[in-house]
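Participant: Here's the letter readout for the chains.
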Amino acid sequence: MNILETHNLTKRFGGLVAVNNVSMHVQEGDVVGLIGPNGAGKTTLINAISGLNPPTSGKVIMFGRDTTGKAPEKMCRLGLSRTFQIPRPFPKMSALESVMTAAIFGNRPGKVQDPVALSREMLAFVEFPLPESTISEQLNTVQLKRLDLARALASHPKLLFLDELASGLSEGELNDLMKIIRKISRKGISILMIEHIMQLIMQVCNRLVCIQFGTKIAEGTTEEVANDPVVAKAYLGSSGE
Amino acid sequence: MEIANTAPQAGGLSGLLEKVCFTPAGLVGLAVLIVLPLIPPFNQEYLVRWLVQAAFIAALSVAFDFTAGYINIVNFGFCAIMGLGAYTSAILGLRTGLSPWVGIWTGAVTAAALGFVIGLITLRLRGIFAACLAWFFGLALMGLATKMVWLTRGPLGLRAPRLFETSSNVPYYYVILAMLLATYLVTRLLVKTKMGLAFQAIGQNMEAARTSGVNPVYYRIVNFTLSCALAGWLGGFYAHYYGILTPDMMHTSKTVEVLAVAYIGGRGSLWGGAVIAFPFIFAMELVRSSLSSLPGLNLIIYGLLLILVMIYYSGGFAEFYNQHFRKKEARA
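Going down the list, the protein sequences come from chains F and W. Oh and the first sequence: position 96 is 96 in my numbering, straight run, nothing missing. Position in the second sequence (first residue = 1) + 241 = my numbering.
Chain F extracted, bound-state conformation (with noise of 0.2 Å):
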């Protein structure tokens, strides 16, 4: 059953044509990687699909409804959640504060019965390394990006999307973020992931969409994609050049 799907997703801006015409699915328990050459619109897409900023034209559905353009507040409870580039946490607010804010907000109301436990466990779940009392500004890069994982786990999504997660990790946090994603994976929740390591897609990921100046030029499984001729031009450029 596809989870996520588009249909001819356009996103301009003013003349600038970021996102063009991309059709694209998800399937239930799939961990999709989204690649492309920097500048192909990838967090534009996403960004889209969240509602952060609605598309132009075209129809995203997801969980089996239309929900084009939607809030992402109402995007979050119906089970949609994810994470930033840049991760933006809440600079003056305490790991578990911020973890807290997706536990008590994003869920539907009642369904949570012990904010603070949920987001003990969601800091847990992803192995944050400091007391739940730090302040979010103290903290480095990966710790923030870890925080802010757990801030999107919080919310009990259904489907996941991670934007370079991997980005500026060394050898041994790469491993312990393919280890969490395996995880995040297990408990039924489906991703889609940004990312530009290949090492970590194509250990995690089953199948794989490729974008470039905003329009899809490849997307199947991971060793289709990896050895398409179109993609390696996209990433290399061609020997004619």
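These aren't lab readings, by the way, just hints derived from the structure by calculation. Careful, some of the hints might be misleading.
Take a look, some chain F residues computed to stay more than 10 Å from chain W by CB distance [unchecked claim]:
hint : residue
1    : Gln27
2    : Arg65
3    : Leu130
4    : Asn140
5    : Thr141
6    : Leu169
7    : Thr222
Incomplete in silico selection of chain F near chain W, CB under 10 Å [unchecked claim]:
hint : residue
8    : Leu80
9    : Pro87
10   : Lys92
Facing chain W, a subset of chain F residues (Cβ under 7 Å, in silico) [said to hold, decoys possible]:
hint : residue
11   : Cys76
12   : Arg77
13   : Arg82
14   : Ala102
15   : Phe105
16   : Ser155
Treat the numbers as computed from the prediction; the structure is a model and nothing was measured. Virtual Cβ for every residue (Gly too), placed ideally from N, Cα, C.
Given the coordinates of chain F, work out where chain W should sit on it, guided by the hints.
Facilitator: Leaving out everything else, chain W in the frame of chain F:
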């Protein structure tokens, strides 16, 4: 900043204090404020007058901080909205003979209605743009108060009935002290609930807040409306204490005075401004009365103090106090 349900539950006396939002030091401070007008030299009328003024600014700064320190919108029209409450109460008192004790509540309702409208209009705007829009509302209000002479008597000044028949300032002091306490308790109790978490979330990071499921429309309007209602309510006191209203009271520089007190006291602390207002207003009055040949000097001092606070203690007096005088686990 911790909210109630994450703080360890303390039993006994400190648990009770926690419930009423006071630390032992805060309670001592309150007790001092209660007895202050009875002990020399503070029992002199002109000093009690300063005390009233300080308590008034303190209450305004708490209501101001509820918006600036939590949802991160600096309401530059704050004192204009306070003035709207003041004029409403005064005009109703003059035209219909409404008792000032009822009037200050009508001031609160009018100010709340305007706060609701401003909140609604600024919804799509971020930080500085919302601040500017609120400021323009303030300027427009002041313009109206100046030009609608048939209603407000403009710069000639509108006389308002006073709360008490006496010339003593002491009863007024206790009224405004109670209003300060009520303002603090209402805002404090609200930010301790999950609503406070939502305020902070949308103030600190709108995108993350929305993707975490916080509805910014609702919480922003609630916050703005309440903050303005409190301003209008306090404005009613202003009208019936000073007994005369001029459009000057709505001027942006009055808002800056409240802002200075709130920021020097500590953004997002609520209590910081209330504490700092007393020594601050006294110091300013001393400057004003002893250096009367240099008018406007107090504004320069505000500016310098604000710059120093921004550079060295962006959390203001509250941060300074928490760092040096409070045990880590006891932070509220």
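Participant: Give a verdict on every hint.
Facilitator: Status of the hints after comparison with the structure:
{"no.": "1", "hint": "Gln27", "result": "23 Å, holds"}
{"no.": "2", "hint": "Arg65", "result": "18 Å, holds"}
{"no.": "3", "hint": "Leu130", "result": "15 Å, holds"}
{"no.": "4", "hint": "Asn140", "result": "18 Å, holds"}
{"no.": "5", "hint": "Thr141", "result": "15 Å, holds"}
{"no.": "6", "hint": "Leu169", "result": "21 Å, holds"}
{"no.": "7", "hint": "Thr222", "result": "27 Å, holds"}
{"no.": "8", "hint": "Leu80", "result": "8 Å, holds"}
{"no.": "9", "hint": "Pro87", "result": "9 Å, holds"}
{"no.": "10", "hint": "Lys92", "result": "6 Å, holds"}
{"no.": "11", "hint": "Cys76", "result": "4 Å, holds"}
{"no.": "12", "hint": "Arg77", "result": "5 Å, holds"}
{"no.": "13", "hint": "Arg82", "result": "6 Å, holds"}
{"no.": "14", "hint": "Ala102", "result": "4 Å, holds"}
{"no.": "15", "hint": "Phe105", "result": "4 Å, holds"}
{"no.": "16", "hint": "Ser155", "result": "6 Å, holds"}
Hint compliance for this structure: every hint is met.
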